[in-house]
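With the sequences and hints as input, model every part of the structure.
Chains as they are written, first to last, in full-length UniProt numbering: chain A, 1 to 363; chain B, 1 to 737.
Hints should not be assumed to be uniformly reliable.
[What the hints assert, rightly or not] Derived DEER-like restraints, expressed as beta-carbon distance ranges:
{"#": "1", "chain 1": "A", "residue 1": "Q141", "chain 2": "B", "residue 2": "A461", "range": "38 to 44 Å"}
{"#": "2", "chain 1": "A", "residue 1": "D173", "chain 2": "B", "residue 2": "P357", "range": "36 to 42 Å"}
{"#": "3", "chain 1": "B", "residue 1": "G704", "chain 2": "A", "residue 2": "Q141", "range": "30 to 36 Å"}
{"#": "4", "chain 1": "B", "residue 1": "G704", "chain 2": "A", "residue 2": "G144", "range": "48 to 54 Å"}
{"#": "5", "chain 1": "A", "residue 1": "R13", "chain 2": "B", "residue 2": "P334", "range": "48 to 54 Å"}
{"#": "6", "chain 1": "B", "residue 1": "R640", "chain 2": "A", "residue 2": "A174", "range": "36 to 42 Å"}
{"#": "7", "chain 1": "B", "residue 1": "F546", "chain 2": "A", "residue 2": "R13", "range": "24 to 30 Å"}
{"#": "8", "chain 1": "A", "residue 1": "K82", "chain 2": "B", "residue 2": "I709", "range": "58 to 64 Å"}
{"#": "9", "chain 1": "A", "residue 1": "P114", "chain 2": "B", "residue 2": "I709", "range": "32 to 38 Å"}
{"#": "10", "chain 1": "A", "residue 1": "P114", "chain 2": "B", "residue 2": "R545", "range": "45 to 51 Å"}
{"#": "11", "chain 1": "B", "residue 1": "P80", "chain 2": "A", "residue 2": "A362", "range": "38 to 44 Å"}
{"#": "12", "chain 1": "B", "residue 1": "A461", "chain 2": "A", "residue 2": "G144", "range": "48 to 54 Å"}
{"#": "13", "chain 1": "A", "residue 1": "R115", "chain 2": "B", "residue 2": "R79", "range": "29 to 35 Å"}
Think of the hints as simulated: they come from the structure by calculation, not from any bench. Glycine residues also receive a C-beta, built at the ideal position from the N, C-alpha and C atoms.
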Amino acid sequence: MSELLAREPAGIRVEGVDLSYGATRVLKDVNLEIRPGEFFAFLGPSGCGKTTLLRLIAGFNAAQRGRVLVGGKDVSALPPWKRDVGMVFQSYALWPHMTVRRNVAFGLEERRLPRAEIATRVEAALRLVGLDGMGDRRPAQLSGGQQQRVALARTVAVRPQVLLLDEPLSNLDARLRVQVRRELRDLQQSLRLTTVFVTHDQEEANTVCDRIAVMNEGAVQQVGTPMELYDHPANLFVAGFLGTANIVPGTVLREGGAAAFEVAGGTRIPLPPGLAVPEGARLMFRPQDVSLLPPGSDPAGRRLIEGEVAHREFLGASMRYGVRVGGAEVLVDVPHTGGEGHLQVGGRAALALDATRVKLLAG
Amino acid sequence: MRAAGLWSSLLALAAALLLPWYLTHDGIAAAPLAGLAWLSDPDFGPGAGQVLAQGRWWLLPALLAPAIGLLAALLPLPRPARAWFFLLAGGLGLGLLVAQGYAIGVQGWSAPWLEALFGPMEDRQFGVGWGGAMVPAALAVLFAAGLAGRGAFRGDAFTATVAVCIALAIAVFTAMPLVLLLGDAFRDAGGALAAGALFSRLADDRLWSLGCLAGAPRCGVVWNTLLLGALVGAGTTALGLAFALLVVRGRLRLGRPLRWLTVLPIVTPPFILGLGLILIFGRSGIVSLAASSWFGVELGRWIYGLPGVLLAQLFAFTPIAFLVLIGVVEGLSPTLEEASSTLRATPRDTFRTVTLPLLRPGLANAFLLGFVESMADFGNPIVLGGQFGVLATEIFFAVVGAQADAGRAATLSLVLLAMALGAFFLQRRLTARKSYVSIGGKGDAGLAPPLPAGVRRLCLAVALPWAGLTVALYVLAISGGFVEIWGRDHTPTLRHMIKAFEISGGQLTGLAWNSVITTVTLAAISAPITAALGIVSAWLFSRTRFAGRGALEFATMLTFAVPGTVIGVAYLRAFNLPPLELAGTGAIIVACFVFRNLPVGLRSGMAAMAQIDPSLDEASHTLGGGGADAFRRVVLPLLRPAIMAGLVYAFVRAMTTISAVIFLVTADTELATVFIVNRVINGDYGLAIAVAVVLIALMIVMLGLAQLIVGRRRIGRRAAVAPSIQPPGVQPGGAVA
Numbered sequence: 001m002s003e004l005l006a007r008e009p010a011g012i013r014v015e016g017v018d019l020s021y022g023a024t025r026v027l028k029d030v031n032l033e034i035r036p037g038e039f040f041a042f043l044g045p046s047g048c049g050k051t052t053l054l055r056l057i058a059g060f061n062a063a064q065r066g067r068v069l070v071g072g073k074d075v076s077a078l079p080p081w082k083r084d085v086g087m088v089f090q091s092y093a094l095w096p097h098m099t100v101r102r103n104v105a106f107g108l109e110e111r112r113l114p115r116a117e118i119a120t121r122v123e124a125a126l127r128l129v130g131l132d133g134m135g136d137r138r139p140a141q142l143s144g145g146q147q148q149r150v151a152l153a154r155t156v157a158v159r160p161q162v163l164l165l166d167e168p169l170s171n172l173d174a175r176l177r178v179q180v181r182r183e184l185r186d187l188q189q190s191l192r193l194t195t196v197f198v199t200h201d202q203e204e205a206n207t208v209c210d211r212i213a214v215m216n217e218g219a220v221q222q223v224g225t226p227m228e229l230y231d232h233p234a235n236l237f238v239a240g241f242l243g244t245a246n247i248v249p250g251t252v253l254r255e256g257g258a259a260a261f262e263v264a265g266g267t268r269i270p271l272p273p274g275l276a277v278p279e280g281a282r283l284m285f286r287p288q289d290v291s292l293l294p295p296g297s298d299p300a301g302r303r304l305i306e307g308e309v310a311h312r313e314f315l316g317a318s319m320r321y322g323v324r325v326g327g328a329e330v331l332v333d334v335p336h337t338g339g340e341g342h343l344q345v346g347g348r349a350a351l352a353l354d355a356t357r358v359k360l361l362a363g
Numbered sequence: 001m002r003a004a005g006l007w008s009s010l011l012a013l014a015a016a017l018l019l020p021w022y023l024t025h026d027g028i029a030a031a032p033l034a035g036l037a038w039l040s041d042p043d044f045g046p047g048a049g050q051v052l053a054q055g056r057w058w059l060l061p062a063l064l065a066p067a068i069g070l071l072a073a074l075l076p077l078p079r080p081a082r083a084w085f086f087l088l089a090g091g092l093g094l095g096l097l098v099a100q101g102y103a104i105g106v107q108g109w110s111a112p113w114l115e116a117l118f119g120p121m122e123d124r125q126f127g128v129g130w131g132g133a134m135v136p137a138a139l140a141v142l143f144a145a146g147l148a149g150r151g152a153f154r155g156d157a158f159t160a161t162v163a164v165c166i167a168l169a170i171a172v173f174t175a176m177p178l179v180l181l182l183g184d185a186f187r188d189a190g191g192a193l194a195a196g197a198l199f200s201r202l203a204d205d206r207l208w209s210l211g212c213l214a215g216a217p218r219c220g221v222v223w224n225t226l227l228l229g230a231l232v233g234a235g236t237t238a239l240g241l242a243f244a245l246l247v248v249r250g251r252l253r254l255g256r257p258l259r260w261l262t263v264l265p266i267v268t269p270p271f272i273l274g275l276g277l278i279l280i281f282g283r284s285g286i287v288s289l290a291a292s293s294w295f296g297v298e299l300g301r302w303i304y305g306l307p308g309v310l311l312a313q314l315f316a317f318t319p320i321a322f323l324v325l326i327g328v329v330e331g332l333s334p335t336l337e338e339a340s341s342t343l344r345a346t347p348r349d350t351f352r353t354v355t356l357p358l359l360r361p362g363l364a365n366a367f368l369l370g371f372v373e374s375m376a377d378f379g380n381p382i383v384l385g386g387q388f389g390v391l392a393t394e395i396f397f398a399v400v401g402a403q404a405d406a407g408r409a410a411t412l413s414l415v416l417l418a419m420a421l422g423a424f425f426l427q428r429r430l431t432a433r434k435s436y437v438s439i440g441g442k443g444d445a446g447l448a449p450p451l452p453a454g455v456r457r458l459c460l461a462v463a464l465p466w467a468g469l470t471v472a473l474y475v476l477a478i479s480g481g482f483v484e485i486w487g488r489d490h491t492p493t494l495r496h497m498i499k500a501f502e503i504s505g506g507q508l509t510g511l512a513w514n515s516v517i518t519t520v521t522l523a524a525i526s527a528p529i530t531a532a533l534g535i536v537s538a539w540l541f542s543r544t545r546f547a548g549r550g551a552l553e554f555a556t557m558l559t560f561a562v563p564g565t566v567i568g569v570a571y572l573r574a575f576n577l578p579p580l581e582l583a584g585t586g587a588i589i590v591a592c593f594v595f596r597n598l599p600v601g602l603r604s605g606m607a608a609m610a611q612i613d614p615s616l617d618e619a620s621h622t623l624g625g626g627g628a629d630a631f632r633r634v635v636l637p638l639l640r641p642a643i644m645a646g647l648v649y650a651f652v653r654a655m656t657t658i659s660a661v662i663f664l665v666t667a668d669t670e671l672a673t674v675f676i677v678n679r680v681i682n683g684d685y686g687l688a689i690a691v692a693v694v695l696i697a698l699m700i701v702m703l704g705l706a707q708l709i710v711g712r713r714r715i716g717r718r719a720a721v722a723p724s725i726q727p728p729g730v731q732p733g734g735a736v737a
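Below you can see the structure in the form of structure tokens.
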């Protein structure tokens, strides 16, 4: 495997990139810094520009403005074959007319390496992905997961400066996906290869990546570790995209030093002191930051909000209630510890909100 | 970039030093001079000899430009500087060589102002030969390498070379002839520019007269052409629809044989059906004879004119409409119809309210195709037209007739071209709109509903007799080649076959040998060129992006719409004089074959390319494969079946074409189709059919071999889809497989 270690992990910088297809602006002033050796994700809904950004780094798209640096070198003007960037395609893009071994050897042959070195590196790459002995098969004779490994082996065999993965798990079934993503992570760690991973699945991004750039409508919304993004989302989009969020419209009221949030319908929620209040903000909290009590109970020190249970969903580890409060609906997760749940649809319920966990976010 | 510049410079230099600059009618090998004398000969010498020994200083760029390119490639220069040298040497060298070629012709300076500028010219030049063609071509590649070096085409020399070469080829072999020809329309009989000439010719009563409505013997040729086109378009669409519905939805076991019928028009020269009609309905046709001997009715010459041409074209082009519509009907998503029947629509209601409206764009497309095919057809009107003139034949008579009238030919070509382009644009608009067919998307389940009983009966009533008639026509046409004298003496004989293909004493003494061998040779030369150009340009247009790509692709596709007759006249006009003095050679016929069939190869190549996921070449790019490597290692191997099919198809089309090449053949380069048409015009049907049968057999063998090699049965189908402008419903996948 030492044959395949990254020579020197390279970072990627994207500076002020604007990219349009005709009148459609696909990327809007994108700035990113991906550190050497990092496992980085572009996360966002379909059409957010994440794949376009990846293909820009690979050299398949040209930006109208801005530049891309790989390992400190401006590669904006280089065609893909002059960049030292490996890419695994969503469809794997294995050449059906070549055997697995020829597929993996392709990039090494393009680099005019000596025959013996090509052979050892191909074998090492196949061993790395657990496909040794499969070199003489054709891609069509392999399962989806195996094809994916061949695509990976083909890419790491050339020891690229960075590895780009375009939704590599989306063509695998749910079980395999969990297994492969862990393998991807292990592989990346052992090769110390800077890796960019495009996905629309927040769970995938959270589990394998060091840091994530959340994208929407061609713009980077926030960059951070999975935990930072979850705990301190910069805006409503990030809050809603990572995990489930209660987003409640209303107005901020100030009475002396204390501030409160008034939900449409009149219910007021006190805000912790010192909370920043952006323009047009909405209240955001996670379903697990609320507890649900039978009506009438009154634990000390906590402000209760009365509502009606509109629906409930059993999620396995917890029961998720939808509680109608005034004009808004609040999702509440209650841990499931066995037995029938406590509240029925149509019943009254009191919500106890952990005020330290609420946030005011703009859209 | 550096390698491309180096090799192109070397090639140009070698050509300038070694290949005869001018056209030598005896070929290179036959240079009659001993030793090295030919190197400085005024007729046979290469570019270098012409400059140094003959004082033809204007050929100096042929030496200097490659030398500069070579130096720039070898010297240790920075990339941008080298690219500038390549650009300069390639561009200027090419420009100067083209300029001198047109400035100095057979009579010295070709324009008075040149003489005033440079002084009198004693010398004269004939057409360019191998050297004169090779040097500019190599300089074009050098220029392309320079462009790539400047960062155009993503810096890829291969892409640049392909783009520049295709652009030049289209400019020289399609655009220039057409422009020159259309320019003639604006000249009077003396050759002077006169815009009035165009209008007076356009206003000619022979074009626009509607006299036949008022009882005069004939109408203008434009009306004739339009009427014939509309009738053929409507007729072939209706017949084609009946066949398509039956094959796809009719629950018949006739699907396969009917599909095979569609191979027939590909392998037969287009006028064979006209010939068959003459043998049945002509003055000595079997039906006419039977009518007069049994009933005493003289049917006369009714077949010569609109009825005959219409019938022949209906027979000839119905398979094309069938092919288009079969794709459309197969592409209909059955779930749309199932949805209708779950909402309580009867099969008839579903057919009327869902199926037919969904077919409408496909029907319009098939109509336009029939219209265009009819307009461009030359073989049937020339054989059967009689007094009924259409544009294609009128152009022919304006060129070869008693009073050769280049201006009239040009004007008629202009009208025909305008009509063909009109239909082409209409069809493009039609196909550009999102076709209904793809609504269901792929992976659409569901079973196509059977045809409603009434519709099925109607289709059967129309299609089966027609299919029978078509087969009968072919059988009769072919058997005409094996009887003594059709209409008088029906004793079976091989006389005609022997007359055409006799071998006595080891000599090919048959009358047809010459033309058949010429045809096969020229078709065999043109086929690989066509296939290669088609595949390379298909790759260029579907896989690369550069400024002007759309325009180039459009220009290439446009040649589709140019009727063969127009191309023939245009080639005659453009390649009659130096520097490109190709008229009378086999080269002009090869060029005509290649550029007439290129759009077809291009289209099937692009259809095949659409089957290949672009990420397959992108993967090779990320692994370090530039344009040329991705093309050679990934695209070409995957396209192998398409290349094979393109090869066979280019060959077959070259063998059967008549409309363009009839203007270009000479006694030395007579083609089999021209031989046949001339025999038909002389009434020598037996000989004509004997040759046609051999041609058809040859092509069927070719198709069969190709299918054996490729191992697929789709070639016939794909080939027939290709000549048409791609109909919306014909899935590339279906056509290529």
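Status of the hints after comparison with the structure:
1. A/Q141 - B/A461: 38 to 44 Å: violated (51 Å)
2. A/D173 - B/P357: 36 to 42 Å: holds (40 Å)
3. B/G704 - A/Q141: 30 to 36 Å: The hint (30 to 36 Å, Cβ to Cβ) holds, given that B/G704 and A/Q141 are roughly 32 Å apart.
4. B/G704 - A/G144: 48 to 54 Å: violated (39 Å)
5. A/R13 - B/P334: 48 to 54 Å: holds (53 Å)
6. B/R640 - A/A174: 36 to 42 Å: At 38 Å between Cβs, range holds.
7. B/F546 - A/R13: 24 to 30 Å: holds (28 Å)
8. A/K82 - B/I709: 58 to 64 Å: violated (39 Å)
9. A/P114 - B/I709: 32 to 38 Å: holds (37 Å)
10. A/P114 - B/R545: 45 to 51 Å: violated (35 Å)
11. B/P80 - A/A362: 38 to 44 Å: violated (49 Å)
12. B/A461 - A/G144: 48 to 54 Å: holds (51 Å)
13. A/R115 - B/R79: 29 to 35 Å: holds (30 Å)
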